[in-house]
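Undergrad: Which chain is which? The protein sequence lines are A and B, in order. When you line the first sequence up against my numbering, it's residues 71 to 486, in that order. When you line the second sequence up against my numbering, it's residues 3 to 205, in that order.
Please keep in mind that the hints were generated in silico from the structure rather than gathered at the bench. Heads up, the beta-carbon is just placed ideally off N, CA and C, and yes, glycines get one too. Each hint should be verified, as a subset may be incorrect.
Simulated restraints, written as ranges between beta carbons of each label pair [unchecked claim]: (1) B:Ala34 with A:Asn283: 25 to 35 Å; (2) B:Ala39 with A:Ser396: 47 to 57 Å; (3) A:Asn213 with B:Gly169: 36 to 46 Å; (4) A:Asp315 with B:Ala39: 47 to 57 Å; (5) B:Gly91 with A:Arg317: 49 to 59 Å; (6) A:Glu401 with B:Ser87: 53 to 63 Å; (7) A:Glu448 with B:Pro60: 35 to 45 Å; (8) A:His349 with B:Val59: 49 to 59 Å; (9) B:Pro60 with A:Asn252: 32 to 42 Å.
What the simulated footprint calls covered on chain B by chain A, stretch by stretch (three residues with Cβ under 8 Å from a Cβ of chain A suffice, anywhere in the stretch; the number is not a length) [what the hints assert, rightly or not]: (10) 37 to 48; (11) 54 to 68; (12) 93 to 103; (13) 174 to 181.
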Amino acid sequence: MTQSTRRCSSNHRVGKTAALCAGLWLAASAGAQAPASAPAPSWQQGRSGDQNSSTLHPIAPILTGRPASELPIDKLKVPAGFKVEVYADGIPEARSLALGDKGTVFVSNRNLKDVYAIVDKDGKRTVTKVLKGLNSPNGVAFNKGTLYVAERHRITAYDGIEDRLDNPPEAKVVIDNLDPSNQAGHFWKFLALGPDGKLYFNVGAPGNIVMPNYQQATINRVDPKTGVMETYAHGVRNSVGFDWDPRSKELWFTNHARDWVSDEMPHDTLHRAAKKGMHFGYPYCHQGDFLDPEYGKGRACSEFDAPAAKLGAHIAPLGMRFYSGSMFPAEYRNTMFIAMHGSWNRTTKQGYNVMRASVDGNGKVDLKPFLDGFLTDEKADPPMWGRPVDVLVMRDGALLVSDDYNGIVYRISYRR
Amino acid sequence: MTALRSRSARRRAGRWLGGGVLAIAGGAAALAAGTDAQRQKAAVCESCHGIEGRSTVPDTPSLAGQPKQFITTQLVMFREGNRKSAIMGPIAAPLSNAEISELGSYFSVQPAEPAGKPLAADAAAATRGLADKLGCVTCHGAELKGQQHIPRLAGQQADYLRTQLLGFKAGTRFDMDGNMTAAAQALTPAAIDALASYLSSLR
Numbered sequence: 071m072t073q074s075t076r077r078c079s080s081n082h083r084v085g086k087t088a089a090l091c092a093g094l095w096l097a098a099s100a101g102a103q104a105p106a107s108a109p110a111p112s113w114q115q116g117r118s119g120d121q122n123s124s125t126l127h128p129i130a131p132i133l134t135g136r137p138a139s140e141l142p143i144d145k146l147k148v149p150a151g152f153k154v155e156v157y158a159d160g161i162p163e164a165r166s167l168a169l170g171d172k173g174t175v176f177v178s179n180r181n182l183k184d185v186y187a188i189v190d191k192d193g194k195r196t197v198t199k200v201l202k203g204l205n206s207p208n209g210v211a212f213n214k215g216t217l218y219v220a221e222r223h224r225i226t227a228y229d230g231i232e233d234r235l236d237n238p239p240e241a242k243v244v245i246d247n248l249d250p251s252n253q254a255g256h257f258w259k260f261l262a263l264g265p266d267g268k269l270y271f272n273v274g275a276p277g278n279i280v281m282p283n284y285q286q287a288t289i290n291r292v293d294p295k296t297g298v299m300e301t302y303a304h305g306v307r308n309s310v311g312f313d314w315d316p317r318s319k320e321l322w323f324t325n326h327a328r329d330w331v332s333d334e335m336p337h338d339t340l341h342r343a344a345k346k347g348m349h350f351g352y353p354y355c356h357q358g359d360f361l362d363p364e365y366g367k368g369r370a371c372s373e374f375d376a377p378a379a380k381l382g383a384h385i386a387p388l389g390m391r392f393y394s395g396s397m398f399p400a401e402y403r404n405t406m407f408i409a410m411h412g413s414w415n416r417t418t419k420q421g422y423n424v425m426r427a428s429v430d431g432n433g434k435v436d437l438k439p440f441l442d443g444f445l446t447d448e449k450a451d452p453p454m455w456g457r458p459v460d461v462l463v464m465r466d467g468a469l470l471v472s473d474d475y476n477g478i479v480y481r482i483s484y485r486r
Numbered sequence: 003m004t005a006l007r008s009r010s011a012r013r014r015a016g017r018w019l020g021g022g023v024l025a026i027a028g029g030a031a032a033l034a035a036g037t038d039a040q041r042q043k044a045a046v047c048e049s050c051h052g053i054e055g056r057s058t059v060p061d062t063p064s065l066a067g068q069p070k071q072f073i074t075t076q077l078v079m080f081r082e083g084n085r086k087s088a089i090m091g092p093i094a095a096p097l098s099n100a101e102i103s104e105l106g107s108y109f110s111v112q113p114a115e116p117a118g119k120p121l122a123a124d125a126a127a128a129t130r131g132l133a134d135k136l137g138c139v140t141c142h143g144a145e146l147k148g149q150q151h152i153p154r155l156a157g158q159q160a161d162y163l164r165t166q167l168l169g170f171k172a173g174t175r176f177d178m179d180g181n182m183t184a185a186a187q188a189l190t191p192a193a194i195d196a197l198a199s200y201l202s203s204l205r
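Modelling step: build the complete structure from the supplied sequences, incorporating the hints.
TA: This is the structure in structure tokens:
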């Protein structure tokens, strides 16, 4: 270090001296990397040099939620014959949805610490916070009276919770230590009950584009009776939406591809996992046919299982469910609803809607918009006023859609 | 550019929000912004953060002109105990989401004033160069007035900025997404001082 640089370390707080010292600091440290103890945040990881001044950034939810009365709900569009309305508001950062045996809708969040319950009783709908103090409780699933919650680090069970929403039972741990490395990115978990009675959940890749450890970039399942866990699918960068085809009982899931390649590449994807042990490519191959510029060297996409469909670059497919109800027209049955949380890593934004995906006899996937109108200006920041996260088929056949930006759950119904 | 887009976005949002308040902020009229009810609720805050959120206390931040989403996010994080503060934790603890939202609306439309003194032109230019090089503007906006959940730095109390940057560097300041913790690692104390003085002087 030069003498003048050293002099600058004394306490020059104001004005010219400090600025000149800053200039020296800059000269002295040009090209220096931040210490390894604080790497770039996971969403920035993998940027190339000319992207370092990019103004693209993930969109933060409004953590207080916004009352539906303040929002342009009338701008939402659904196909003819369908109707969209607000089912409940005041659920900040509403993320995943699960339906209780007695009709309670459980709603999770990710940056907050709670699980909410929406109860329809005697013609009155109430929203209450039923669980508090959790650690990124993004995943919720329900089976035979028990609510399961996937936090960052564990999955817990709340037996008989619907009978005592005012005084919920203590959490029983199904499995713990799911995040031993306290990973920086993709630590939130989606949770769903499989046809085998096991709980399925993701462990995401710890960054944008990094080599995952043996437990990461996977979909796993745990038997809630025994706590025994096994990895079901590999090479899945981050899936926060999956469901089983009611006919074949095969697992389908959405997946987010890496960021910071380009506006158009690679696509986020929809996958079918017909059996345990498939590998879907991350970090080597994205969208089934795009070798990663770094990790793809010496690999081939043919080594991996290809996606069922490309959904759009950065479009961020989250919740996905097969439509198993009978309210909607017959052609809707067994097709998938996919909530597109919407792109951030793209100069022209897309998504922020719910799409319907149908698969023909040859496995070709057709996508149609189902719920639209959140996106207001694809070049603005933010470009939208709401963001769909999860979809849930209710017993009457209506579809609920959560919106974490506003903390609202919408209901879509159909009348012929 | 980002800041401009953000302001226009906020103005558009203001129309949905029934936001006469926001419209006033956009105009030149020096009418008092905010409703009487908001003003009453904000009185507790103003006892430390200054009239209309323009702080005169070195280590207490100005709230005037901060993006609404920044104010509400921080209050929620104080309430939930993610951002730790012996002072703000207890104050935020009883606040409802609606109250937090009201406070955000109120302070976001108050006119900001620089807390610091103007710097000599060459000193300002040198530190601006540093701010550009560090990439402050990519998130905080070209005029460093913040956007969405990202705070306004322009005109903020220098001591407060210094405390936050040192906290980020030490890894002790709450950081929702790790951005500032990473950004602060490369900063020397001299650079932090220079940035704090410069940002504090901005209008």
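Undergrad: Does each hint hold? Answer for all of them.
TA: Taking the hints in turn, this is what the structure says about them:
1. Our hint of 25 to 35 Å for Ala34 (chain B) and Asn283 (chain A) is violated, since their Cβ atoms are close to 57 Å apart.
2. Against the hinted window of 47 to 57 Å, the Cβ-Cβ separation of Ala39 (chain B) and Ser396 (chain A) comes to about 48 Å, which satisfies the hint.
3. The hinted range of 36 to 46 Å is satisfied by Asn213 (chain A) and Gly169 (chain B), whose Cβ atoms lie roughly 44 Å apart.
4. Separation of Asp315 (chain A) from Ala39 (chain B) is about 53 Å and conforms to the stated range, judged on CB atoms against 47 to 57 Å.
5. For Gly91 (chain B) paired with Arg317 (chain A), a C-beta distance near 53 Å keeps the hint of 49 to 59 Å intact.
6. For the hinted restraint 53 to 63 Å between Glu401 (chain A) and Ser87 (chain B), the CB-CB distance of approximately 56 Å keeps it satisfied.
7. Separation of Glu448 (chain A) from Pro60 (chain B) is about 43 Å and conforms to the stated range, judged on CB atoms against 35 to 45 Å.
8. Checked against the hint of 49 to 59 Å, the pair His349 (chain A) and Val59 (chain B) passes, with Cβ atoms roughly 58 Å apart.
9. One distance hint, 32 to 42 Å for the beta-carbon pair Pro60 (chain B) and Asn252 (chain A), holds here, with the actual separation near 35 Å.
10. Counting residues of the segment 37 to 48 of chain B whose CB lies closer than 8 Å to any CB of chain A gives 0, which falls below the minimum of 3, so the coverage claim is violated.
11. With 0 residues having a beta carbon nearer than 8 Å to a beta carbon of chain A, the segment 54 to 68 of chain B misses the requirement of three or more and the stated coverage is violated.
12. Counting residues of the segment 93 to 103 of chain B whose beta carbon lies closer than 8 Å to any beta carbon of chain A gives 4, which reaches the threshold of three, so the coverage claim holds.
13. Counting residues of the segment 174 to 181 of chain B whose beta-carbon sits less than 8 Å from any beta-carbon of chain A gives 4, enough to reach three: the coverage restraint holds.
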